[in-house]
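Produce the complete structure using the sequences and hints provided.
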Amino acid sequence: MEHFLFRQLAFVRNQVLQAVEGISEETADQIPNGFRNSIRWQLGHIYVVMERYAFQYMDLPVQLPQGFKEQFEYKTSPLTTPADIVVPTLSELKFLLKNQIERISSELGDRLQDNVTPYTTSAGMKLESLEQFLSFNLYHEGMHFSVIKIYKVLLSQ
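All residue numbers for the sequence shown refer to full-length UniProt numbering, where the first residue is 1 and numbers rise by one.
Since the hints were derived computationally from the structure, they do not count as laboratory data.
Do not rely on the hints blindly, as some may be mistaken.
BS3-like cross-link-like pairs, simulated, lysine-lysine; straight-line CA separation at most 27 angstroms [claimed, not checked]:
{"hint": "1", "residue 1": "Lys75", "residue 2": "Lys94"}
{"hint": "2", "residue 1": "Lys75", "residue 2": "Lys152"}
{"hint": "3", "residue 1": "Lys94", "residue 2": "Lys152"}
{"hint": "4", "residue 1": "Lys126", "residue 2": "Lys75"}
{"hint": "5", "residue 1": "Lys94", "residue 2": "Lys149"}
{"hint": "6", "residue 1": "Lys126", "residue 2": "Lys152"}
{"hint": "7", "residue 1": "Lys69", "residue 2": "Lys94"}
{"hint": "8", "residue 1": "Lys126", "residue 2": "Lys69"}
{"hint": "9", "residue 1": "Lys98", "residue 2": "Lys152"}
{"hint": "10", "residue 1": "Lys69", "residue 2": "Lys149"}
Label pairs and their computed distance ranges (CB to CB) [claimed, not checked]:
{"hint": "11", "residue 1": "Leu154", "residue 2": "Ala123", "range": "21 to 27 angstroms"}
{"hint": "12", "residue 1": "Glu128", "residue 2": "Gly67", "range": "27 to 33 angstroms"}
{"hint": "13", "residue 1": "Tyr74", "residue 2": "Glu128", "range": "16 to 22 angstroms"}
{"hint": "14", "residue 1": "Phe4", "residue 2": "Ala123", "range": "32 to 38 angstroms"}
{"hint": "15", "residue 1": "Ala123", "residue 2": "Leu17", "range": "33 to 39 angstroms"}
{"hint": "16", "residue 1": "Phe4", "residue 2": "Glu70", "range": "33 to 39 angstroms"}
{"hint": "17", "residue 1": "Gln63", "residue 2": "Glu128", "range": "22 to 28 angstroms"}
{"hint": "18", "residue 1": "Thr121", "residue 2": "Ser156", "range": "15 to 21 angstroms"}
{"hint": "19", "residue 1": "Gln113", "residue 2": "Leu154", "range": "37 to 43 angstroms"}
Quick caveat, the model's predicted, so the values are computed rather than measured.
Heads up, the beta-carbon is just placed ideally off N, CA and C, and yes, glycines get one too.
The structure is reproduced here in C-alpha cells:
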C-alpha cells in the first residue's frame, strides 16, 4: 500500500506543473525586478533538490542531466550561469518533474524509515531519514510553487 506521503508529493508536484502550463520559453526566462531567478530556474531547482533529498543522502545515484547542478543548485542564478551550459527546455523540465515522484515512490517506497547521512537544511531543520527528507520537500517545493505564482503575476503586468 502506498504511503500517504507519496500522494502528498504527487499532489504538490501536480500543482507546480499546472502552474506553469501555458508559460512560454521566453516568459520562463524572465526575471522579475528585484529577484535573481526565473520560472525555469524554479523548476530546475525543485528537480535538483528532490534528487538530492531522495537519492544523494541515501548514497544512491542521482539522475541529474549535464549542467543541472551548475544551473539549479542552491545559490545559483541564471544571472551567473556559465554561457556554455545547455539550458533545458520547459518540456524537458516538465518531463523530468512529472516522472520524478513516481520514480522515487517506485524505487524507495519501502525505505522511508532508512537512516541517511544527516543533513541540516538552510532553514535549520535537521533531517535524518528518507521520510524526513521527503516530508521537508513538501515545504521546500511549496515555497518555490508560491514563487512561481508570484512571478507569473509580476511578469504579466
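CB of Ala123 to CB of Leu17, is that within 33 to 39 angstroms? violated, 24 angstroms
State, for the Cβ atoms of Gln113 and Leu154, whether the hinted interval 37 to 43 angstroms holds or is violated. Because 42 angstroms falls inside the window, the suggested range holds.
Given the proposed pairing of Lys94 with Lys149, does the C-alpha separation stay at or below 27 angstroms? holds, 16 angstroms
Would the pair Lys126 and Lys152 pass a check requiring their Cα atoms to be no farther apart than 27 angstroms? Distance of about 32 angstroms is beyond 27 angstroms: violated.
Cβ separation of Leu154 and Ala123, checked against the hinted range 21 to 27 angstroms: holds, 24 angstroms
Holds or violated: the 27 to 33 angstroms window for the beta-carbon distance between Glu128 and Gly67? holds, 31 angstroms
For a C-alpha distance cap of 27 angstroms, please report whether Lys126 and Lys69 respect it. holds, 22 angstroms
Decide if the proposed pair is consistent with the structure: Lys126 and Lys75, CA atoms, cutoff 27 angstroms inclusive. holds, 20 angstroms
Regarding the pair Lys75 and Lys94, is the alpha-carbon distance no greater than 27 angstroms? Within the cut-off at roughly 22 angstroms; holds.
CB-CB spacing for Glu70 and Phe4 relative to the 33 to 39 angstroms hint: holds, 35 angstroms
Are the Cα positions of Lys98 and Lys152 separated by 27 angstroms at most? holds, 20 angstroms
CB-CB spacing for Ser156 and Thr121 relative to the 15 to 21 angstroms hint: violated, 32 angstroms
The structure fails hints 6, 14, 15, 18 (numbered hints given earlier, in ascending order).
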